[in-house]
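Given these sequences and hints, build the entire structure.
Chains as they are written, first to last, in our numbering: chain A, 1 to 325; chain B, 1 to 247.
Quick caveat, the hints were computed from the structure, so don't treat them as lab data.
We put the beta carbon where it would ideally sit given N, CA and C, even for glycine.
The reader is advised that the hints may include incorrect statements.
[To be verified] Facing chain B, from chain A, some residues (calculated, C-beta under 10 Å):
id	residue
1	73
2	115
3	145
4	260
5	324
[Stated by the list, open to error] Label-pair restraints from in silico Cβ distances:
id	chain 1	residue 1	chain 2	residue 2	range
6	A	226	B	20	44 to 50 Å
7	A	319	B	209	55 to 61 Å
8	A	318	B	226	18 to 24 Å
9	B	226	A	319	19 to 25 Å
10	B	169	A	163	41 to 47 Å
11	A	45	B	169	16 to 22 Å
12	A	48	B	107	43 to 49 Å
13	A	214	B	223	34 to 40 Å
14	A	222	B	184	32 to 38 Å
15	A	226	B	203	57 to 63 Å
16	B	218	A	318	37 to 43 Å
17	A	226	B	184	35 to 41 Å
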Amino acid sequence: MSVIVLAEHSQGTFKKKTFESVQYAADIAKAMGTTATAVALGTIADSELQLLGAYGATKVLHVADAKLDTLNARAYAKALATAAEKEGAKVIIALHDVTGKAVAPRLSARLKAGMVAGAVSLPDLGKGFAIKKAVFSGKAFAFVNITSDVKVVTLMPNTFPVKQGEGSTTIEQLSVTFEDKDFGVTVKEVSKVTGAVPLSEAELVVSGGRGMKGPENWGPLEDLAGSLGAALACSRPVADAHWRPHHEHVGQTGGTIRPNLYIAVGISGAIQHLAGVNASKTIVVINKDPEAPFFKAADYGVIGDAAEILPKLTEAVKKFKAAHN
Amino acid sequence: MKILVCIAQVPDTTTKIAFGDNNTTFNTAGVTFIINPYDEWYALVRALELKESGVATAVNLVTVGKADAEPVIRKALAIGGDEAVRIDTDSNDPYVVAAQIAEYAKSEGYDLVLCGKESIDYNNGSVGAILAEMLDMNYIGFASSLNIEGGIATVKREIEGGEETDACALPLVVSCQKGMAEARIPNMRGIMAARTKPLKVVAGADIKPLSEIVSYEMPPAKTGVKMISADNMDELVNLLHSDAKVI
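Listed below in structure tokens is the structure:
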């Protein structure tokens with residue numbers, strides 16, 4: 001009755017968030033007195049799969065079907081259901097990202113398993129299987145108890161620090177019988193923003209609002225993001241005015257992020273904006289208006305003109321990086 | 001081609017959230033409810049555009065909620081849509097909500113089901129994909145554009161660090177987000193027309209929830225902001241390193 005975890009990979013390479021989800025599954029398994037089994041789908045080398053042992057997976061089931069190299073939620077859900085059946089698993093873990101959000105609910109319907117989407121805690125087994133998750137777009141948390149026998153959980157990435165251990169893992173091939181309809185979605189074209197850190201998984205984010213006054217003033221923000229290795233974000237008015245692309249919009253109706261550091265420049269801090277970013281571990285607010293409501297939600301505040309402050313902050317970051325490398 | 005648009009009622013985005021009964025219930029006193037923005041701005045409007053361009057023949061709306069959800073579904077009808085169904089039950093378990101919609105939709109022959117990428121109250125983003133499994137349809141999530149030609153949908157969707165264009169034969173469930181369409185404001189004619197559009201109420205099926213919300217909690221209050229002089233960015237960087245430990 002091991003705990004199953006979908007070990008998501010990007011063209012054969014695991015990212016940190018996958019190690020985090022495997023570690024999460026292993027922690028749950030330990031509390032339940034069992035072991036964690038990772039399931040990897042599509043083309044990936046054994047040497048990469050071996051890495052999962054260090055994060056607590058004692059076994060990896062590999063469905064090495066190249067048709068799984070692109071996401072078909074139906075096929076992924078079927079593969080996970082097959083693995084769960086083989087292992088007698090009662091708990092199945094995925095990430096709360098675009099893949100997990102497409103696959104986990106299907107799996108939940110298929111297995112009649114209750115689900116928590118976007119978990120930010122381990123399950124409280126003393127209360128059944130109660131897990132904390134953000135609700136009302138980050139304005140509050142709910143403790144959701146899964147009451148069904150089989151349980152599906154998607155973990156919010158960047159919730160737990162990831163620690164590499166000593167463990168090793170055994171790899172087994174798993175064969176799954178697919179039908180044509182499992183691959184109903186075909187990929188025509190992929191366009192990736194190259195070089196940039198994807199916002200959803202960025203640990204550091206630099207964000208600009210209406211106070212930046214225009215798209216021509218984004219240079220200093222880009223310089224700061226570059227010096228930190230941070231991703232760029234923006235507030236809704238900025239995206240609506242087409243100063244910045246929509247995928248950079250964070251807030252209640254944009255993306256919800258939880259980076260380690262969120263630097264907000266020229267953003268007043270409307271309740272809708274805070275909803276998307278207030279799970280950030282540390283918030284720095286730079287605003288020329290000392291009355292900006294965002295200061296109340298900030299850890300560090302700087303009052304002043306962005307055009308003057310940003311170059312100084314970038315210089316300070318560069319100096320710090322030079323001294324610490 | 002028939003389109004079903006799933007509409008959820010959610011608290012307005014400016015709502016200050018509060019809980020009652022020892023933090024076990026969401027306190028709705030004084031809360032204004034709106035159509036879930038993703039359902040309204042993107043799913044509903046794109047469905048209407050598909051009908052206006054002659055691709056779709058019917059756009060119907062469905063919501064799962066008690067009678068207090070009627071103003072919201074009427075407002076959705078004022079933006080557009082031919083008729084609406086309210087399934088007279090309430091749940092915050094996404095499995096139950098999806099199963100109620102599936103129970104109604106399975107015999108209605110919809111070719112396309114559209115919903116928002118998530119509702120802004122419980123933020124599960126699960127109903128669309130659960131529904132797809134229950135209706136034995138394909139599912140594409142986080143779509144920012146959708147076109148249909150000859151029974152094939154071409155959908156742009158978010159992937160990690162970029163976007164992907166997918167093709168899929170109907171029937172299909174799509175969850176919609178920014179980019180899909182431009183928000184519309186209901187006009188007087190739409191509001192008048194909505195009053196007489198059919199709003200059917202059907203009883204909810206007997207479906208057991210698979211999860212329950214035990215309690216709520218507010219995020220810990222910030223302990224107070226530390227202000228730093230604009231001339232001392234070195235101090236800020238040092239604090240981010242040694243105090244906050246984020247760089």
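Each hint, compared with the structure:
This hint holds: residue 73 of chain A has a C-beta 5 Å from the nearest C-beta of chain B, less than the 10 Å allowed. Because the closest C-beta pair between residue 115 of chain A and chain B is about 6 Å apart, less than 10 Å, the hint holds. The criterion of a C-beta within 10 Å of any C-beta in chain B is met by residue 145 of chain A, whose closest approach is roughly 5 Å, and the hint holds. For the restraint placing residue 260 of chain A at the interface with chain B, the shortest Cβ-Cβ distance is roughly 4 Å, inside the 10 Å limit, so the hint holds.
Given hint, residue 324 of chain A at the interface with chain B, holds; its Cβ is 8 Å from that chain's nearest Cβ, closer than 10 Å. At about 48 Å, the beta-carbon gap between residue 226 of chain A and residue 20 of chain B stays in the expected band of 44 to 50 Å. As the Cβ distance of residue 319 of chain A to residue 209 of chain B is approximately 56 Å, the hint placing it in 55 to 61 Å holds. Between residue 318 of chain A and residue 226 of chain B the beta carbons are some 23 Å apart, a value that agrees with the proposed interval 18 to 24 Å.
Separated by about 21 Å at the C-beta atoms, residue 226 of chain B and residue 319 of chain A satisfy the suggested range of 19 to 25 Å. Here the CB-CB span from residue 169 of chain B to residue 163 of chain A is close to 45 Å, well matched to the stated 41 to 47 Å. At about 34 Å, the CB distance of residue 45 of chain A to residue 169 of chain B disagrees with the hint of 16 to 22 Å. About 47 Å separates the C-beta atoms of residue 48 of chain A and residue 107 of chain B, a value consistent with the hinted range of 43 to 49 Å.
Here the CB-CB span from residue 214 of chain A to residue 223 of chain B is close to 35 Å, well matched to the stated 34 to 40 Å. Taking the beta carbon of each, residue 222 of chain A and residue 184 of chain B are about 34 Å apart, inside 32 to 38 Å as hinted. Checked against the given bound of 57 to 63 Å, the beta carbons of residue 226 of chain A and residue 203 of chain B, roughly 59 Å apart, stay inside it. Remark: the range hint 37 to 43 Å for residue 218 of chain B to residue 318 of chain A is upheld by a beta-carbon distance near 39 Å.
Taken as a hint, the range 35 to 41 Å holds for the pair residue 226 of chain A and residue 184 of chain B, whose Cβ atoms sit roughly 39 Å apart.
Taken one by one, the earlier hints fail for this structure only at number 11.
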